[in-house]
Structure formats: C-alpha cells, structure tokens
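**Q** Keeping their order, the protein sequence lines are chains A and B. The first sequence begins at 15 in this note's numbering and counts up one residue at a time. The second sequence begins at 6 in this note's numbering and counts up one residue at a time.
Keep in mind that the hints are not guaranteed to be accurate.
Straight-line distance between alpha carbons at most 30 Å, and here's what the computed DSSO-like set of lysine-lysine pairs gives [said to hold, decoys possible]:
hint, chain 1, residue 1, chain 2, residue 2
1, B, K71, A, K52
2, B, K132, A, K48
3, A, K70, A, K48
4, B, K86, A, K52
5, B, K131, A, K52
6, B, K90, A, K52
7, B, K175, A, K52
8, A, K52, B, K132
9, B, K86, B, K45
10, B, K90, A, K48
No wet-lab data here; the hints were simulated from the structure.
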Amino acid sequence: MDNSNNKKLLFSKGIDNAFISVSKAFRFTALFFKEAFKRPFHLREIFNQCFEIGIKALPLITLTGFVVGMVFTKQSRPSLEEFGATSWLPSLMGIAIVRALGALVTALICAGKVGSGIGAELGSMNVTEQIDAMEVSAINPFKYLVVTRVTATTITIPVLALYCSFLGLLGAYVNVHSVEAISIVTFCQNAFSSIRFLDIFSSLFKSIVYGFTIGIVGCYMGYNATQGTRGVGKAANRAVVLSIFLIFIEEIVIVQVTNWIRYF
Amino acid sequence: MENTELHTINKDESVISITGLYKSFDDVQVLDGIDFTLLKGENFAILGKSGSGKSVLIKIIVGLLKPDKGEVIVLGQQVDKLNRKELDALRIRVGFSFQSSALYDSMNVYQNLAFPLTMNYRDLSKKEVGNAVEEVLESVGLKEKLYQMPSDLSGGQRKRVGIARMLILKPEIMLFDEPTAGLDPITSNEIIELINEVKKQNNASSLIITHDLTCAKNTGDRIAMLFEGKFLKAGTFKDVFAMDNEHIKGFYNYNFIQ
Ligand SMILES: Nc1ncnc2c1ncn2[C@@H]1O[C@H](COP(=O)(O)OP(=O)(O)O)[C@@H](O)[C@H]1O
Ligand SMILES: [Mg+2]
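Turn these sequences into a full structure, and let the hints guide you.
**A** Written out as structure tokens, the structure is:
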C-alpha cells in the first residue's frame, strides 16, 4: 500500500492512480467476503448498526415514500384521464412503486444519510488512530467495523425499501381515495394485479445490492481517509457521490437483466 | 557508527531486537539503518525532534507499518513475517500508548477499557471484566471517571485512560508514543511518574519515544538520540549528553530555553 509510488509508471500518473484505486477497492471488497464468514461474528454490533441505520433513515423515508406515492399519483391522473383510464391508476402506481421507486428512493436516501455517516465515522476513527488502536489491541478492525456495517446495511436497506414501498402505496391510495371512493382492499387488489413474483424478487435483489454498495463504499472511503479533519469531510462526500453513481449503474443492469428474464 | 555498545549486549535478555532497519516514504528516507535492543525489564527512551521518525519506528515494532529492509524481532518473533493470528497473539503481549491517546470516542471510559479485554477473552464474566477495569483505572488514578466520555476528559486524563487501556491486557512490553506531548509541565511530571510506576508494577520493559528531554531523562534507564534516521548515541543520559555533538547540544539548549 505504501510502496506503490516507488514503482515505475505504466501510463500517466492519473491513469495509474485510477487503476490502483480500482484494484484497491476490489481487494477491499474481496476482503469483506473473506472475513464475513469467519468467526467471531460480532452479532451484537451488527444488530446495533441495523438499529442505528433504521433510526437514521426512517423519518426521511417515511416522509419521502408517502409524498412520492401521493404526488406521482396526482401527476399521472391527467394523462390517464385523457384516455378515460383513471381506473388503471392503482395498477400503474403498483408497478411504478414496486418495480422501481421503492428500492431506488430508499437507496438514494440511505446513500445520503447512512453512507455519508459511515464514511465520516470511519474516516474520523481512521485519522484519530482509533483503527490503529484496535489493531494493536489484537482486534481485527476490518471485521469489527467494516464487516458489521456492511452486513447491517445489506440487511436493513431491503427492509427499509419494503417499508418505503408500503408508504408509497399508502400515499397513492390517499390521493386516489380523495377523488374516487375506492376501498383500500380494492385498491390493493388492483395495485398488485399486474405485479409478478419476478418484480418483487428483482426489487428485493436490487435493494440488497444497493445496501451492500452503500455499506462497502462508505467503509472504503472512511477506511482510506487521510489528511486529518479535511479528509473526514472528503470521505463522507465521496461515499455519497460514488455510491449514488454505482447505484444508477446497478439499477440499469438489473432492470435490463430482469427484462430479459421477463420476456424470455 | 557510534552505537557499538548496543551490540555487546547479550541477545538472550532482549525483548526487542532491531538490526539494519530502513524505512522510506516516497523519496524520503525516514529510518536509515537503525540497530537497537530493548532489554528485559529496562526503560529505554528515544529522543528525537518532531518528524524524525520516532512514531514510524514504534509502528514498525507492532507491525502497523512494514519495514523496507531489516530485521525486527519482538519477543523472539520476526514481526513482518507473522500471519494475522500470530501477530494478534504478539500484540496482546505488546502494549501501545498513542500520542493522541486514540480513545474510542463513541465509548465511555469503562467501555474503552473493557473493549480490548472482552474482544480477546470472550469467556470472561461481566464481573471479572468490571474488576479488571476498576483495577487498571485505579492504578492510573482515575477511578471516579468510569462513565465519562473521552470528550469530557482533559488531555492528561485521556493519556491516563490510554495508558490504562494498554495495561488491561497486561503487556510484557509497553511502547509509549510521546507520553508528555501537549501537556503542561505538572501533568507531564505526573505522567512520567505513572510510567515509572506502572513499569514497576507490571514488571515490564518499556520503550518511550519523546521529544521532551525531561521525560527522556526521568523515564529512561538508557536513552538514544534519533537524528536523520540514525541513532547518534545510546547510553545513560549522562553519557549521551556528555558527547560533543552539535545536534545533541542543540537539543539540550533548545529544551532549556523552552
Ligand atoms: N503513513 C505515512 N505516509 C507517508 N509519510 C509518512 C507516514 N508516516 C510518517 N511519514 C513521514 O515520516 C516522517 C516521520 O514521521 P513520524 O515518525 O510521525 O515523526 P515523529 O518523530 O514526530 O513521530 C515524517 O516526515 C512523516 O511525514
Ligand atoms: Mg510522532
């Protein structure tokens, strides 16, 4: 890690450094899988982290989920009205929220709140030598800090996405109900009428991937923070930017693959 | 080189033995051929100005940094050749007190001290952990601060908790990184006394690195001066400062003007 600058450059300094960062990030991720299945598991710390993530993200997800569902319904109504198809509104919202919005909205909120939090926390532990302090007390800081946090985001964010979808549908129902007297049971029947098992599975898979991404990126940035307090802010910032970027790429890939499977 | 007398020492009595140690960052040669032995039961102080590579040296001793070249043997094991498990086993026997104390800022004093213990000895009962924490906290004179957060402690108190956290694993070697840096003279003296006290209590060997002449003089049985990556001289305080060397003299004058 320290000696990489003593080697001859392959291309230019910038390109070489980019390759070095990518390979470092891959090694970091590989180390996660190597350490995650070894004892001790620090279950309590994982539980604490899950709880903390939930507390951090819950208010914003509640608000955003509900508002997105409501506003999306409101905005879609005029277009459907043109075709006299407002009765499709519940099923349209079901598709939109379950297939796309729930997982994505949750991931973006968590990238901002949870990812940056992890980046800042580990970053400050790093620059104040707390990670080194664990190391010299014969505690594996990667296991205690990184594995627990990444596991926690991978578990918690899918649950939050489910919750977000639920609130989105609730928001949609509130809007639909304000115009048409439709019971919640009928609304739900309509909303889920065009949702397949594949949709739910792919959304769940997506949010697991997003959860992992947010955790590992936040940890990576924090773990590699340098330059004192300024580095901590940088780590938090980079964690958000990189994880959102990766989430969009993952979204595109997973949606594409899901469509292939759907029309196979 | 002037540190020949280090080589006449019987290697069997050594707990740390370093030969031909080199370490550089980028193009800067920080350690440029260090030879040094820490004997069982002695206090050794390494004196050097800021940026001379003192921290790098002790970080290499606990395996936080890897040497470019040279042999670092701690308690009979070559540090940079150990795997994770062996290294952890060694690190339990070697305590490290950080310059910045490096207390876990999300944990209170009790948790800071209990953490290394519970992580390394998983079958200890709550009571045993509590007793051990109280014992080390008492030995550093901070019994009443059990449930405070590190951010509510003074610099000197944080240093004490840091030292207590090192003591709780009952190390055979204690490494102190600038134990008196950033402290007022009175608190400095208290920490110096504490270092001598805990060393006696634990029957351990200590390595104290510092830029503080008073600290080096009052804690070190032997001292060495680190300058431009090499030891200028090792011996008793008197020996070292009797030497007619401008860097040593410079250090002496500087410390007295302060
Ligand atoms: N991880 C590192 N990467 C690059 N340079 C480092 C690193 N650690 C220390 N250095 C450099 O090594 C030199 C010695 O540092 P250090 O051992 O911390 O000095 P001190 O004697 O004050 O403890 C300094 O010039 C510092 O910039
Ligand atoms: Mg230092």
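**Q** Taking the hints in turn, state whether each one holds.
**A** Cross-check of the supplied hints:
Under the criterion of a C-alpha separation no larger than 30 Å, the hint pairing K71(B) with K52(A) is consistent with the structure, at around 25 Å. Using a Cα cut-off of 30 Å, the hinted pair K132(B) and K48(A) is violated, with the two alpha carbons roughly 34 Å apart. Restraint check for K70(A) and K48(A): the C-alpha separation of about 29 Å stays at or below 30 Å, so the hint holds. Proximity of K86(B) to K52(A) is assessed by CA-CA distance (about 22 Å); at most 30 Å being required, the pair is judged to hold.
For the given pair, K131(B) sits about 25 Å from K52(A) by alpha-carbon distance, which is consistent with the 30 Å threshold. Of the supplied pair hints, the one linking K90(B) and K52(A) holds, its CA atoms being roughly 13 Å apart against a limit of 30 Å. Taken as a hint, the K175(B) and K52(A) pair is honoured in the structure, with Cα atoms around 27 Å apart against an allowance of 30 Å. Pair hint K52(A) plus K132(B) holds up; C-alpha atoms about 28 Å apart against a cutoff of 30 Å.
Of the pairs offered as hints, the one joining K86(B) and K45(B) holds, with about 23 Å between alpha carbons and a cut-off of 30 Å not exceeded. Proposed proximity of K90(B) and K48(A) is supported: the alpha carbons are some 15 Å apart, at most 30 Å.
In summary, the structure is inconsistent with hint 2 from the numbered list given earlier, while agreeing with all the others.
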